[in-house]
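Trainee: Note that the sequence shown covers residues 400 to 550 in this note's numbering.
Hint data in this document are derived by calculation from the structure and do not stem from the laboratory.
Among these hints, one or two may not hold up.
[Unchecked claim] Label pairs and their computed distance ranges (CB to CB): (1) 406 - 467: 34 to 44 Å; (2) 472 - 421: 32 to 42 Å; (3) 505 - 421: 17 to 27 Å; (4) 429 - 458: 11 to 21 Å; (5) 456 - 503: 16 to 26 Å; (6) 515 - 482: 12 to 22 Å; (7) 548 - 413: 41 to 51 Å.
Positions of the beta carbon are idealized from the N, C-alpha and C atoms, including for glycine.
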Amino acid sequence: MLFTGETERSIDEKQRISIPTEMRLAFAADHGTSIVYASPGPNASIWLWPEATFESRASTIEQSLLQDEDEMDLEQVLFSQSRRLEIDKQGRIRLPEMLLTLAGISRQAVILGVRDHLEVVDAVQWGPVRDENLSKLREIMIRVRKSRGRT
400 MLFTGETERS
410 IDEKQRISIP
420 TEMRLAFAAD
430 HGTSIVYASP
440 GPNASIWLWP
450 EATFESRAST
460 IEQSLLQDED
470 EMDLEQVLFS
480 QSRRLEIDKQ
490 GRIRLPEMLL
500 TLAGISRQAV
510 ILGVRDHLEV
520 VDAVQWGPVR
530 DENLSKLREI
540 MIRVRKSRGR
550 T
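Full structure from sequences and hints, please.
Mentor: Below, the structure written as structure tokens:
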């Protein structure tokens, strides 16, 4: 499933956030439960992955005994700080305190659809970032095209 859009959500006193119905469909598993992997994002966010996508991404990381230091550091921090969460019957997940703190998220958050995953960001911080990136959209698109060898 391709994740798109953005939706503002409240985080309740139990640190739960509701996943929008249209986004939640991608997390449904064959056995009736819906599983989300929550991990720290590199951009003051919490990344939410469908189980199959997270496991697929995890298996692509080199599994050699002779890994380089960056790869070992990435695996150590990413997997130790990630959590496997089940979506409850009301479509909510309980976000771990540690991930909320790392991302600087308080009571209001925005859930962003970002291609193959969702990102949860603080609502107050997101507005200026979105506006700045939108104002530079053309330049960002040109840089991406150039980095991929297209002109």
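Trainee: For each hint given before, does the structure comply? Return the numbers of the non-compliant ones in rising order.
Mentor: none
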